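Enquirer: Each chain is listed here by its residues.
There are 2 protein chains.
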Amino acid sequence: MAQVLPMHDDADTLVGDLARAGRKAQRTLARMSDADKARALRSAAASLRASAAPILEANAKDIAAGQANGLSGAMLDRLRLDEERLEGIAAAIENVAGLPDPVGQVIDRSTAPSGLELVRRRIPIGLIGIIYESRPNVTADAAALCLRSGNAALLRGGSEAVHSNRAIMTALVAGLAKEGVPEAAIQLMPTQDREAVGAMLRAAGLIDMIVPRGGKGLVERVQKDARVPVLAHLDGICHTYIHAAADPAMAEEIAVNAKMRRTGICGSLETLLLDANFPASGKVVGALLDAGCELRGDARAQAIDARVRPASANDWDTEYLDAIASVAVVDGMDAALDHIARHSSGHTDAIVTSDDTAAERFLAEVDSAIVMHNASTQFADGGEFGLGAEIGIATGRLHARGPVALEGLTTYKWQVLGTGQARP
Amino acid sequence: MAQVLPMHDDADTLVGDLARAGRKAQRTLARMSDADKARALRSAAASLRASAAPILEANAKDIAAGQANGLSGAMLDRLRLDEERLEGIAAAIENVAGLPDPVGQVIDRSTAPSGLELVRRRIPIGLIGIIYESRPNVTADAAALCLRSGNAALLRGGSEAVHSNRAIMTALVAGLAKEGVPEAAIQLMPTQDREAVGAMLRAAGLIDMIVPRGGKGLVERVQKDARVPVLAHLDGICHTYIHAAADPAMAEEIAVNAKMRRTGICGSLETLLLDANFPASGKVVGALLDAGCELRGDARAQAIDARVRPASANDWDTEYLDAIASVAVVDGMDAALDHIARHSSGHTDAIVTSDDTAAERFLAEVDSAIVMHNASTQFADGGEFGLGAEIGIATGRLHARGPVALEGLTTYKWQVLGTGQARP
Numbered sequence: 001m002a003q004v005l006p007m008h009d010d011a012d013t014l015v016g017d018l019a020r021a022g023r024k025a026q027r028t029l030a031r032m033s034d035a036d037k038a039r040a041l042r043s044a045a046a047s048l049r050a051s052a053a054p055i056l057e058a059n060a061k062d063i064a065a066g067q068a069n070g071l072s073g074a075m076l077d078r079l080r081l082d083e084e085r086l087e088g089i090a091a092a093i094e095n096v097a098g099l100p101d102p103v104g105q106v107i108d109r110s111t112a113p114s115g116l117e118l119v120r121r122r123i124p125i126g127l128i129g130i131i132y133e134s135r136p137n138v139t140a141d142a143a144a145l146c147l148r149s150g151n152a153a154l155l156r157g158g159s160e161a162v163h164s165n166r167a168i169m170t171a172l173v174a175g176l177a178k179e180g181v182p183e184a185a186i187q188l189m190p191t192q193d194r195e196a197v198g199a200m201l202r203a204a205g206l207i208d209m210i211v212p213r214g215g216k217g218l219v220e221r222v223q224k225d226a227r228v229p230v231l232a233h234l235d236g237i238c239h240t241y242i243h244a245a246a247d248p249a250m251a252e253e254i255a256v257n258a259k260m261r262r263t264g265i266c267g268s269l270e271t272l273l274l275d276a277n278f279p280a281s282g283k284v285v286g287a288l289l290d291a292g293c294e295l296r297g298d299a300r301a302q303a304i305d306a307r308v309r310p311a312s313a314n315d316w317d318t319e320y321l322d323a324i325a326s327v328a329v330v331d332g333m334d335a336a337l338d339h340i341a342r343h344s345s346g347h348t349d350a351i352v353t354s355d356d357t358a359a360e361r362f363l364a365e366v367d368s369a370i371v372m373h374n375a376s377t378q379f380a381d382g383g384e385f386g387l388g389a390e391i392g393i394a395t396g397r398l399h400a401r402g403p404v405a406l407e408g409l410t411t412y413k414w415q416v417l418g419t420g421q422a423r424p
Numbered sequence: 001m002a003q004v005l006p007m008h009d010d011a012d013t014l015v016g017d018l019a020r021a022g023r024k025a026q027r028t029l030a031r032m033s034d035a036d037k038a039r040a041l042r043s044a045a046a047s048l049r050a051s052a053a054p055i056l057e058a059n060a061k062d063i064a065a066g067q068a069n070g071l072s073g074a075m076l077d078r079l080r081l082d083e084e085r086l087e088g089i090a091a092a093i094e095n096v097a098g099l100p101d102p103v104g105q106v107i108d109r110s111t112a113p114s115g116l117e118l119v120r121r122r123i124p125i126g127l128i129g130i131i132y133e134s135r136p137n138v139t140a141d142a143a144a145l146c147l148r149s150g151n152a153a154l155l156r157g158g159s160e161a162v163h164s165n166r167a168i169m170t171a172l173v174a175g176l177a178k179e180g181v182p183e184a185a186i187q188l189m190p191t192q193d194r195e196a197v198g199a200m201l202r203a204a205g206l207i208d209m210i211v212p213r214g215g216k217g218l219v220e221r222v223q224k225d226a227r228v229p230v231l232a233h234l235d236g237i238c239h240t241y242i243h244a245a246a247d248p249a250m251a252e253e254i255a256v257n258a259k260m261r262r263t264g265i266c267g268s269l270e271t272l273l274l275d276a277n278f279p280a281s282g283k284v285v286g287a288l289l290d291a292g293c294e295l296r297g298d299a300r301a302q303a304i305d306a307r308v309r310p311a312s313a314n315d316w317d318t319e320y321l322d323a324i325a326s327v328a329v330v331d332g333m334d335a336a337l338d339h340i341a342r343h344s345s346g347h348t349d350a351i352v353t354s355d356d357t358a359a360e361r362f363l364a365e366v367d368s369a370i371v372m373h374n375a376s377t378q379f380a381d382g383g384e385f386g387l388g389a390e391i392g393i394a395t396g397r398l399h400a401r402g403p404v405a406l407e408g409l410t411t412y413k414w415q416v417l418g419t420g421q422a423r424p
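These protein sequences, in sequence, are chains A and B. Position one of the first sequence corresponds to residue 1 (full-length UniProt numbering), numbered consecutively onward. Position one of the second sequence corresponds to residue 1 (full-length UniProt numbering), numbered consecutively onward.
Derived from the structure by calculation, the hints contain no laboratory data. All values reported here derive from a predicted model rather than from experimental measurement. Be aware that one or more of the hints could be misleading.
Identical chains share a label here; the pair holds if one copy fits it or two copies do between them.
[What the hints assert, rightly or not] Taking lysine-lysine pairs in the DSBU-like style, the calculated list, with each CA pair at most 30 angstroms apart, reads:
1. 24 - 224
2. 283 - 224
3. 24 - 216
4. 283 - 216
5. 283 - 61
6. 283 - 178
7. 61 - 224
8. 178 - 216
9. 216 - 61
10. 178 - 224
11. 61 - 24
12. 178 - 24
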């Protein structure tokens, strides 16, 4: 493991060297069987458990430094490891080991008029860069998902977790090596120099895809500067449209759950659209307010309940990640679709209605990664979608959209089987 | 149709205006049924046939200008239209109209433990930018493929074909409009200003994907400067490895066909790898030389036939697109795989062998978009793969690889069908 800082002329050289080593290791990974990769991940989990003492010791250093540097209580909590959290990380690796391996899967198969047999088969993407912030569990989670799908990973964690990340990485690499995984298959950037992040973002052709995991500032920088394809979403400005024909009790339960279950996740409701012909708007608005949600509304929404404050123009484009929502009254489906087309971040938008024709139109015309009918947007999650895990949620239009797990970490090749064909 | 140059402050404003109009039109396209889109394309083909006179007149202007500007005979030939070529363009549009519409296809469907039904459904990508050179048929081909898959297109053709492209576009738009396709669904850049290409390449968030169609200089510039995802390949450095257990007659036929059938296409053989234990190397090398191919080889290849010239280091990384090939003798599969890993451009590589185990290893380990067993690399083509058409061949690792037609012009969304679920 590259714990000793090598002497490099510059960040590009460093990233180039690490990436080439990672790509070489990936060629070995690509040849490993499903069973071999699963065994290696279980060995990594065992090694992590056996290394609890040094990991918790390293984590104590990070916590002490964080306290000295005045990190907030919430950030210290994200950073903190204990026996239970470490067990959770090890169990998550074992969970990934148990997921079906996408590598080698046949997407489709056909026979061309020339007699050539064509097979499209899933293969790993190559080298994945992961850039993340304070949570040290990402080191293990992201590495496990990359390895399970035959990819090498180059990880760059936050400075505040540097000792924890190194200790976790040392344990993982030791466990993996026991089962024949080359050391460079997962690598942690040996420097916290910010310029090294820039070098990763520039490394087109060396790093195949970058996944940023963290706050909006991080994702914004990565999306702005990257020449490498990025899998991410910037905002989760999720709408729930209560259609005229919505069941009132369902509308109330879904709206309150979509906003208040956890206000800080990307799938949480940020804007509630109430159809002008929905007869129970007062009940839904009242339930949100009673649950402790601040509402900022247009004039018609303010008229529903005196506690609704006036919304400013910015509110319709704001991801609060808090117990705050904007609320607008819209005149029917067209107005709802227009509002969503203008303000949605393309993450998750939902309709509540008992009218299946209206639902079908909404599901067809809203152009977001995830569109829902009669469900809380808080379900926007790889685990809830049955993917078994999640490397992130993507709102881009190419490659993979919505919750991305193992399949999104693969690409494919065409295998062409001939019997001596020359092209006429 | 934007034939009149609008007054714009700069290229970015122009591209922004066109892209916004295209995106708006695309929302209409996305709602059109399979049958509607097919009918619109047939109407475009009919309009093209009916507009033969103005199109050929416009083409004559381009030809005259090209002759005055000293264009080569080959370039003039690519530019030239006649009744027969125009009929070919119209027939190609009708062929695309007859292809199955990928939009709305269900990729997969599952039910989550929460009872939510999950459907991944294909949708159009959005607005596709096409940047191309002299062949005016690309105007119609690319527009047809984009429309068939529900995408809007912003086209930027070469200056030398400006009159032809505008006349073709006018005919297409008129035919499409008759069937309800908005005029902005396909747009031709109204200026030949090179800065406008730069503005297209920068238009991330406005243009969803760019497909360059043309020579290496064009593709290189697009790949270097684009902030928008690019679907393309730069080089087609294709290898054919004649394994020790290859059938000699098949090896000879495939090698000669892979190189000499058409030397100028991207799937043509550029490097021949001869296994040191293949007993009939002399026959294969002799057949290529006799067919008029210049061979540049390493020392062992030169020893096979005195007509083989010495290769320089550059030869292993050169796409000749001509009756020239490099040839090396390799010691078995490992050496062949190493050579290909170092020098292949990831387009198409083939093995000729009667040993199925060797073939399987080659097909698994060569990391190119297309890998072939006992077939000529000249088959690397969307038509030959049964895709019915081709917008291009891609060697990138994300989204779509190899020959790309309609499916590669789609993405997907998750449709989530609930019965009132709130997340616990």
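Enquirer: All hints are to be evaluated individually against the structure, with a verdict given for each.
Expert: Hints, verified against the model:
Taking CA atoms no more than 30 angstroms apart as the test, residue 24 paired with residue 224 passes in both settings, with 29 angstroms inside one copy and 25 angstroms between copies. Taking identical chains as interchangeable, the C-alpha atoms of residue 283 and residue 224 are never at most 30 angstroms apart, the minima being 43 angstroms within one chain and 56 angstroms between chains. In this assembly of identical chains, residue 24 and residue 216 lie within 30 angstroms of each other by CA distance solely across copies; the values are 28 angstroms between and 33 angstroms within a copy. In this assembly of identical chains, residue 283 and residue 216 lie within 30 angstroms of each other by CA distance neither inside one copy nor across copies; the values are 34 angstroms within and 63 angstroms between.
For a Cα distance limit of 30 angstroms, the shortest separation of residue 283 from residue 61 qualifies neither inside one copy, at 51 angstroms, nor across copies, at 70 angstroms. Taking CA atoms no more than 30 angstroms apart as the test, residue 283 paired with residue 178 passes in neither setting, with 60 angstroms inside one copy and 49 angstroms between copies. In this homomeric assembly, residue 61 and residue 224 never come within 30 angstroms of each other (Cα to Cα): the closest approach is 33 angstroms inside a single copy and 44 angstroms across copies. In this assembly of identical chains, the alpha carbons of residue 178 and residue 216 never lie at most 30 angstroms apart, being 38 angstroms within a copy and 46 angstroms across copies at closest.
Within a single copy, residue 216 and residue 61 get their C-alpha atoms as close as 27 angstroms, which meets the 30 angstroms cut-off; across copies the closest is 54 angstroms, which misses it. For the identical chains of this complex, residue 178 and residue 224 are neighbours neither inside a copy (40 angstroms) nor across copies (42 angstroms), given an alpha-carbon limit of 30 angstroms. Neither within a single protomer nor between protomers do residue 61 and residue 24 lie at most 30 angstroms apart by alpha-carbon distance, with minima of 34 angstroms and 55 angstroms respectively. In the homo-oligomer, the alpha carbons of residue 178 and residue 24 lie at most 30 angstroms apart inside one protomer (19 angstroms), although the nearest pairing across protomers, at 56 angstroms, exceeds that limit.
Comparing the model with each earlier hint shows violations of hints 2, 4, 5, 6, 7, 8, 10 and 11; every other hint is respected.
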